[in-house]
Structure formats: structure tokens, C-alpha cells
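Colleague: One line per chain: the protein sequences are A and B, in this order.
Each residue of the first sequence is one higher than the one before, starting from 0 at the first, in numbering that gives the first Met the number 0.
Each residue of the second sequence is one higher than the one before, starting from 0 at the first, in numbering that gives the first Met the number 0.
Mixed in with the good hints, there may be bad ones.
Cut-off 27 Å, straight-line C-alpha distance, at most; resulting in silico cross-link-like pairs (BS3-like, lysine-lysine) [as the list claims (entries may be wrong)]:
id	chain 1	residue 1	chain 2	residue 2
1	A	Lys301	A	Lys339
2	A	Lys155	A	Lys117
3	A	Lys78	B	Lys191
4	A	Lys358	A	Lys339
5	A	Lys336	A	Lys247
6	B	Lys104	B	Lys191
7	A	Lys294	A	Lys339
8	A	Lys111	B	Lys191
9	A	Lys105	B	Lys191
10	A	Lys289	A	Lys301
11	B	Lys191	A	Lys155
12	A	Lys157	A	Lys5
13	A	Lys336	A	Lys301
14	A	Lys117	A	Lys182
15	A	Lys157	A	Lys117
16	A	Lys247	A	Lys289
17	B	Lys191	A	Lys134
18	A	Lys134	A	Lys111
19	A	Lys16	B	Lys104
20	A	Lys105	A	Lys117
21	A	Lys117	B	Lys191
Because the hints were derived from the structure by calculation, they are not lab data.
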Amino acid sequence: MTILQKPFIQFRNITKKYGAIKAVDSVTLDIYEQEFFCLLGPSGCGKTTLMRMLAGFEVPTEGQILLDGMDVSNIPPNKRPINMVFQSYAVFPHMTVFDNVAYGLKVTGAAKADIHTKVTEALSLVQLSGFEDRKPDQMSGGQRQRVALARALVKKPKVLLLDEPLSALDAKLRDQMRLELVKLQEQVGITFIMVTHDQDEALSMASRIAVINKGVVAQISTPRDLYEQPSSRFVADFIGSVNVFEGKLHIDEPSHAAVVTPDMPGPIYMDHGVTGPEDGQVWAAIRPEKIMIEKAAETNTKAPDAPEGHNTATGTIQAIAYLGDLSLYEVRLDSGKIIKVTRPNLGRWDAQDLTWDDKVSMTWEACSPVVLLS
Amino acid sequence: MKSAKPIAAPLEYTRRTSLRVWVGGVLVFLYTPLLALMIFSFNNSKYAVVWKGFSLQHYIKFFHDEDLMIAFGNSLTIAFFSTIVSLVLGVISGVLMWRFRFPLKGVVEGALSLPIVVPEICMGVAMLIFFNKLEFADDYYWPFSLMTIILAHITFSFPFVTVVIRARLTSFNRELEEGAKDLGASEFQIFKDILVPHLTPAIVAGALLAFTLSLDDFVITFFTAPPDAITFPVKIYSMLRFSVTPEVNAASTILIVLTVFLTAIALRIQSRNQISAH
Chain A
0 MTILQKPFIQ
10 FRNITKKYGA
20 IKAVDSVTLD
30 IYEQEFFCLL
40 GPSGCGKTTL
50 MRMLAGFEVP
60 TEGQILLDGM
70 DVSNIPPNKR
80 PINMVFQSYA
90 VFPHMTVFDN
100 VAYGLKVTGA
110 AKADIHTKVT
120 EALSLVQLSG
130 FEDRKPDQMS
140 GGQRQRVALA
150 RALVKKPKVL
160 LLDEPLSALD
170 AKLRDQMRLE
180 LVKLQEQVGI
190 TFIMVTHDQD
200 EALSMASRIA
210 VINKGVVAQI
220 STPRDLYEQP
230 SSRFVADFIG
240 SVNVFEGKLH
250 IDEPSHAAVV
260 TPDMPGPIYM
270 DHGVTGPEDG
280 QVWAAIRPEK
290 IMIEKAAETN
300 TKAPDAPEGH
310 NTATGTIQAI
320 AYLGDLSLYE
330 VRLDSGKIIK
340 VTRPNLGRWD
350 AQDLTWDDKV
360 SMTWEACSPV
370 VLLS
Chain B
0 MKSAKPIAAP
10 LEYTRRTSLR
20 VWVGGVLVFL
30 YTPLLALMIF
40 SFNNSKYAVV
50 WKGFSLQHYI
60 KFFHDEDLMI
70 AFGNSLTIAF
80 FSTIVSLVLG
90 VISGVLMWRF
100 RFPLKGVVEG
110 ALSLPIVVPE
120 ICMGVAMLIF
130 FNKLEFADDY
140 YWPFSLMTII
150 LAHITFSFPF
160 VTVVIRARLT
170 SFNRELEEGA
180 KDLGASEFQI
190 FKDILVPHLT
200 PAIVAGALLA
210 FTLSLDDFVI
220 TFFTAPPDAI
230 TFPVKIYSML
240 RFSVTPEVNA
250 ASTILIVLTV
260 FLTAIALRIQ
270 SRNQISAH
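The shape of chain A in the complex, shown without the other chains:
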């Protein structure tokens, strides 16, 4: 991803305290124009507070927020060129769909004919043409959300904020709305910032993600980098699931590295260098889907691109979860450590192949493990 523009929204050393508690602790964050940016984190991590400070509903205790180069700290929410889709949608129950969408234009004194054109346009953008005279209580949750979207977009904001936009929808609709929101963002070309605690949502929608933990930015990356190159155990564990092995950096060359861990019979070998502490404590992380699993063979299994005895382990299947497309195996390694391995069910009967108490052997490619320093 190459973004060479200057940042559009800048959080500069933003701190927000509630009494003695720091909800947000010195966050510095750049967001670029036309991005679909996501603030991701567990509940209570400060992501919503960050968004509300950008909207103007909370005032930072310290630091500055710049929008398009301008400090917005002292601009009240009703004067900021930023609009928000609330978690409850906050659609006005006593107004029709048309009046809801028109409200933001009316209060700022737009001309009547102008309002009509813009509202009609916004409603067709969210595929709600023909619903003008409906009241919100005659609509489904998904439709109310579209009203909230149209109501925000009709103001032509510089930034659109989405607070947990999909949390109130049922599973099927959620999947559909993910794609629609991404398409909508491409269509209108406005910077979208979304807050969510759902990692799938963040990975599938955002162009960049900031993972927030305890009021601090843990990592900012594209979804792929976040998943494949997490910077810490927290991120690795929060995004997807992961097997973490504590150990020592045994070899650390520019072209390859190896971690020795008591959990594994041989070292964990990787085809890239790690600039880590020599003989210091590190963690090697391997995603469950990157481990190949098969019934234990007579001879030792050798990893395809690692020296003999590296990147291989044996164990016993302890539990199986059949997920349809995948099977998830919980394997107890010979060292006693329990790891997770998934395997796609490529053939219809693949899942019957491995069963409880089977001895299995596992290998993984040298590009799979990641070394985490914290």
C-alpha cells in the first residue's frame, strides 16, 4: 500500500483522562484521505473515546487533533465537517425517513429545493428510494442503518465515523453490509473511520487498522500485515488465533533465524532475519492454518525448507471441532504443550481421516513462524 499524501487527520499525543483513569494515553495517529480506517480493540480499550474526540463529543485532556491541517479541538460537534453513524443509529423516531435525512440540511438553513434534490440523491445512494414517507418503526434494523448512513452522507462530510456499525445486525445481513459499506466508501470517496471490536469486520473492510489496547496504539498496519506480521503477542492473539512458543533466539542471521523452545523437539526455523536480543527471551508465533498435520508416519517427517529436525513436531489429537469448511484440531505435543491446528476439508471425507487419540506429526514452512519481542 503506497500512500504518499500528507495525513488528513492527525491525532497528536492525545490523552484523555476520566479522573485518575487514562482512557487514552498519548496516542499519535495519522489517517489519510479516502482511507477506510479502523480502530480495533477489546471493549474498554479507548477506541470509542478516540472516535468521540474526533467527533467532538469528548474533549482531549492533552494533545491536538488536526483535520486537514486545522486544529479542531475547540470546534463544537455541530460545527465540525465530520458526521457519525451511531451504534443505535439514532434515527429520529418521530420523523419520516425523508425528514430524518433532511434534518442536517434544514438546521443549517439550506434551500428547500436544494434539500429535496440532495435527500433524494442520498436515499438512492443507500438504496432507500421509495421509503421517503416511512417512519423508522416501520423499518428493519438494516434499513434504519441505511437511513443513518444517508443522513450523515447527505451533509457531504470530510470524514464519516461509524461506531460499531454492524453489531446490531444479524449474521447474514452483517456479511452483506460489510461489502456494501466498502463499496459505498469507494463510491463517495469520503474518509471512513470505523470503530469495532470484531477482528473479522476490521480485516474484511478496512484499508488500514489501528489495534488499540489499554488506551495505547498496539500496531497500525494493513489487514494483511497485521495478521502476518503482528508486532506483539497481544496483536497476534487478538487478530485471529495463534500458537505462541516461548523461547530463546538461537540463530539470528540476516537470511534466517531459529528459536529454541522447550515446547518443541527441534528449533523453530524461519527464512528471514529477526533483529532481536541475542539469547534473550522471545516468542515464536505460528498460525493454526499454517501447520500441516497428518497421521504420524514411520519415519520422521521433514519440513520442506528447513534443516533436518527443525520445524517439526509430533503429538496426540486431544479434541476436534468440525467447522464444515475446516476442521480444528487440538493437539497435545509430546512436551505437554497444547496447540491448535486447522486443516481445510478439501475432500468430502477428509475430516474422517484423523480422529481422537491419533498420533500425528506436524510440519510448517520456514516462512510461517513470526518472532515476537513483546
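Add chain B to chain A, keeping to what the hints say.
Modeller: Then chain B, alone, in the frame of chain A:
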């Protein structure tokens, strides 16, 4: 074989004969006097106690009694002004209590609900002394002659409006307010466009409540009324001092019907707004 009587579940009190009898007794005790009063208002007799046949003569007499009509007009006027002012004060104080945090909020809250619990007689005496001390003139022209009564009625009515408004505000989604603000609305526009429509059912219910409270009041009015201003309940009382005529029954019946009717509307609106708040 005789089919067994279905056994009442532990909490199905309404299916126990003993309790039904008890409830019936309570209802009879409560409503017999009222029913008797209403029935005898249609009595074709000068005296209130012996039934002589159906007639509307007392109602006709009632509507031709100039003193009574003046009293009735006074009552409606007082109720009208008291309701308007109670509404304004009630909405403002209700929103204030809900929206803001300020020092001594608990004290203010307690003070606001005090007029609801203070015995009417105490309040009446207190008002009497208060107006006397102020040397409130009693020679204004109508309707200013009713000023003391109106002020007294506002004092005990508006806390009720506040209670109703606050109850409604608990169901208000604060994100609606933020949503409006986010779209560019000013504080006043939010109040006018978002909050007041949400409060409408409570405003109507509060108004009806204030109106009936004022229309009915006897004790406080009795103490605060200037010499020549008389209200409907006070007039009825004064008529009773001579004898219980069927005319009093007719007047009382009208008052009962009016209050029951208005209270029913208020309750109806309130229960409907509870449903729509979800």
C-alpha cells in the same frame, strides 16, 4: 367421576373465592357513596334522600344558577393558567434534573417533590400567612383577583408535571441528542426538534394532571382565596352548609365526570407512550 377443579397456582390470587369476596367488598365500600351521590342527582325531588323518580331538573337548575356558574368559570380559569405555568416549570425542572449535574442537586430534587407530600392543610395555612405577609392586594379585577389561588395551585401542581416528565426522559436515547448535534443542530434546535417531540405524551399527560389537580382542590384554595373569589369546590362546600340539596349532587357529579374523564385520558396517553418508548 367428577372432573377435578383446576388447582390455582400459588400466585393466582384472583381465583381464590375468599380474595374475590374481599376485593368485591373493598370496591363496594369505595364506590357506593359515589354511586349514590350520582344516582340522587337525577332524583325528581327537592330533597336528596328519598327517590321520587328520574329528572334532569337539578342539572337545569345548576346551569341556571349564576353563582355556581361564576364559581365554575373561576375554577376553569384558575385551572387553565395554573396548568400553563405548571407545564413550563415542570418541563424546565424535569429536563434540568435529567440533563445537568450541579451542587446540592439532591436537595433541590427533594425540595421539588416536597409539595407532593406536604399535607394540604399545612400548605394552605402556609400560603395564607405568606400572602398576608406580602400584603397581597385583594381588590384586583377579574381574573387578577384569582392570582393568589393560581399561584398556590402552580406550587402544588408543577412537581407532578416534573415527575411525569422525568419518567418519560428515562426512555430517551441520548444518542438521538448527539445525533442531532452531529448533524449541526444547536442546543435550542435539539430541544425543539428532538426532545419536545419525545416529551409530547408526557406534556399532555402532565397538563391533564395539573388541570384536574387544580380543578379539584378545596383545602389550599379555601385558605388562599380572596373574599369575593369563589371556586367550584368551595361553592359546593358552602351550599352544603345550608342543606344537602340534589343540586349539590348534580354539581358534584359534573366535577367527578370531568376529573375521571381527564384522568382517564392522561393515563391512556401515558400507557401508550410507555409502549412506544421501546
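Colleague: Against this structure, judge whether each hint is valid.
Modeller: Cross-check of the supplied hints:
With a C-alpha separation of about 20 Å, the suggested pair Lys301 (chain A) and Lys339 (chain A) falls inside the 27 Å cut-off, and the hint holds. Taken as a hint, the Lys155 (chain A) and Lys117 (chain A) pair is honoured in the structure, with Cα atoms around 10 Å apart against an allowance of 27 Å. Distance hint between Lys78 (chain A) and Lys191 (chain B) is fulfilled; the C-alpha atoms sit about 19 Å from each other, no more than 27 Å. This hinted pair checks out: Lys358 (chain A) and Lys339 (chain A) have alpha carbons roughly 15 Å apart, not beyond 27 Å.
Of the pairs offered as hints, the one joining Lys336 (chain A) and Lys247 (chain A) holds, with about 17 Å between alpha carbons and a cut-off of 27 Å not exceeded. Taken as a hint, the Lys104 (chain B) and Lys191 (chain B) pair is honoured in the structure, with Cα atoms around 25 Å apart against an allowance of 27 Å. Of the pairs offered as hints, the one joining Lys294 (chain A) and Lys339 (chain A) holds, with about 16 Å between alpha carbons and a cut-off of 27 Å not exceeded. About 20 Å separates the Cα atoms of Lys111 (chain A) and Lys191 (chain B), which keeps this hinted pair within 27 Å; it holds.
Restraint check for Lys105 (chain A) and Lys191 (chain B): satisfied, since their Cα atoms lie roughly 13 Å apart, inside the 27 Å limit. The straight-line distance between the Cα atoms of Lys289 (chain A) and Lys301 (chain A) is roughly 15 Å, inside the 27 Å bound, and the hint therefore holds. Restraint check: the Cα-Cα separation between Lys191 (chain B) and Lys155 (chain A) comes to about 25 Å, which is no more than 27 Å; the hinted pair holds. Distance restraint check for Lys157 (chain A) and Lys5 (chain A): the Cα-Cα separation of roughly 15 Å lies within the 27 Å cut-off, and the hinted pair is therefore satisfied.
Only pairs whose Cα atoms come within 27 Å are accepted, and Lys336 (chain A) paired with Lys301 (chain A) is accepted, the gap being roughly 21 Å. As the CA atoms of Lys117 (chain A) and Lys182 (chain A) are separated by approximately 20 Å, the hinted pair is consistent with the 27 Å bound. At most 27 Å may separate the alpha-carbon atoms for a hinted pair to count; Lys157 (chain A) and Lys117 (chain A) meet this at roughly 17 Å. Straight-line distance between C-alpha atoms of Lys247 (chain A) and Lys289 (chain A) comes to about 22 Å, which keeps the hinted pair within the 27 Å bound.
Distance restraint check for Lys191 (chain B) and Lys134 (chain A): the Cα-Cα separation of roughly 19 Å lies within the 27 Å cut-off, and the hinted pair is therefore satisfied. For the proposed pair Lys134 (chain A) and Lys111 (chain A), the alpha carbon gap of about 21 Å is at most 27 Å, so the pair holds. The straight-line distance between the Cα atoms of Lys16 (chain A) and Lys104 (chain B) is roughly 25 Å, inside the 27 Å bound, and the hint therefore holds. Of the supplied pair hints, the one linking Lys105 (chain A) and Lys117 (chain A) holds, its CA atoms being roughly 12 Å apart against a limit of 27 Å.
Between the alpha carbons of Lys117 (chain A) and Lys191 (chain B) the distance comes to roughly 24 Å, so the proposed pair stays at or under 27 Å and holds.
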